[in-house]
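Here is what each chain is made of, one letter per residue.
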Amino acid sequence: MIEVLHSVMYCSVQDKGRFGVAKQGIPQAGYLDSSAAALANVLLKNNEKDAVLEITFGQGTFKFKTATYICITGANFSPKLNGQAIAVHQVYYVAPDTVLSFGKRMYGARTYVAVQGGIQSEKVLGSRSFSFSITPQTLTKGVLLAILPIQEEHTASFSKVRVSKTHFTTRYLPCFKGPEYAKLTKEQQVQLAKSFTISEDNNRVGCRLQEPLENKLSPILTAAVLPGTVQLTPSGKCIVLLQDCQVTGGYPRILQLSEIAMARISQKIAGDTIQFVLED
Amino acid sequence: MSTFHLTYKPFGNSAILIEWPAKIAEDIIQDIVIFEKKITKNSSVVDTVVAYHSLLIKYTAPVANYTSTTRELQELYTTTSSQKKEVQQLWQIPVCYHPSFGLDLEEMAAKKHCTVEDIITLHTGVSYLIYFIGFLPGFLYLGGLHATLHTPRIATPRIRVAKGSVGIGGAQTGVYPQNSSGGWNIIGKSPVNFFNTKNVAPIFAKPGDRIQFIPITLATFYEVEKEVANKTYTLKSSLL
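So the protein sequences, as listed, match chains A and B. Residues in the first sequence are numbered consecutively from 1, following the working numbering. Residues in the second sequence are numbered consecutively from 1, following the working numbering.
Be aware that a few hints might be false.
Reference excerpt, derived from the structure (chain B facing chain A, CB under 8 Å, subset only) [said to hold, decoys possible]:
hint, residue
1, Val49
2, Ala61
3, Ala64
4, Tyr66
5, Leu136
6, Phe139
In the DSS-like style, the derived pairs of lysine-lysine whose C-alpha atoms are separated by at most 27 Å in a straight line are [stated by the list, open to error]:
hint, chain 1, residue 1, chain 2, residue 2
7, A, Lys45, A, Lys165
8, B, Lys23, A, Lys216
9, A, Lys45, A, Lys80
10, A, Lys123, B, Lys206
11, B, Lys9, A, Lys194
Because the hints were derived from the structure by calculation, they are not lab data. Note that the Cβ used here is the ideal one computed from N, Cα and C, for glycine as well.
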């Protein structure tokens, strides 16, 4: 069991998300930084799709009631076990009643905590990912999360890896043209290739960008959107939709982020700069 | 059928968007529903999203050859389907239009120079086509609202609209499947569950089905509400 000691705003259980149910209006959800989550699972020799904790801005304290192995990836918020600093991207044994906490931000926004065998919280519609109106939305103080007893002793052969910081520092977001890209004027296309600032208005549903584009495009008839879709709103501001977005929307879909771009933008904080780079 | 001119666009690297002429029309949605059913037979398709004039196909992996995949889809569209047409149903949805639920009924009646009864008669007098499901899990986009009932959204959206509330926003009508914020004019409330994750199919209806609102009294509302909670309530439906 993992006990949530400290009630936190943006902390949830996430796996790859819900598939096969989009036509019922159900958001995909799932980890925002899929590469960081996958790395934590791989280092623990878990299944790549196992459920992990996703923690925003290092907000949260957790107690492991039973022994397990853990691995922390993604944003580095100076993790500690019983107050002792530990490294990211490394597997640790945790004894019963060990407390995991976080401190100063070194880089990134979303931290992933994986345990051996994956978190065993309830599956709803094929996934453990938290989602509005389907599961609890956030982890609150006192919640207990089931984990498996230790499956096998973890052999420390390659359990520390070096991860390129570029993932957290690069401004470049490779993306594709969206369905309405061709409706943009030449000027809009030029503006769109410049850099943008991440606004305060960003969460798991989407991330609003500060600099507006000139915009005379009319709304579209409601149609499908995806995590990673960049919508152009009537005010000219762009919204980058993320994993918790609805399945349909009514704003022009001008770009579609690649998977790596979605992982990168989820590690940005308000004030950071991004730049879209079109792939063919 | 299968006579529309469709356009195909890549949407990211693992989805394809198919578009019909950009309008809200019954023959378009029926054509989309038929095509969607043929496409979901393909095991490399993980999700589909039907909307007014479009169909999104999400694949399990990036589409390796967009041109050939699109060509296959085009061929599939023109092949006449040997399978039977999907069974389409008319669902009877009980709605209580009591003023304690229909918060905006009287104001709407005043604006339209008619009675609350007139509004209820018009709202329950037709069946509505389900175009697609979006916005919230279990929210049905319905077509067919009588022109007299078209009403602009309220000036200040409510922070909390109760689950089951029946509303009108512009030319659209619908039921809030869960508590939510919302800007539609609220005219009644249905005791029926529109979204239940405990069911094999969390939503009873699908695009192409129709629903009809059946007016019920306050007493019946509470009876049905109890039956829904006890899982003894069965929604009435008939084949179209």
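### Task
Just pull the numbers of the violated hints for me, sorted ascending.
2, 3 and 4
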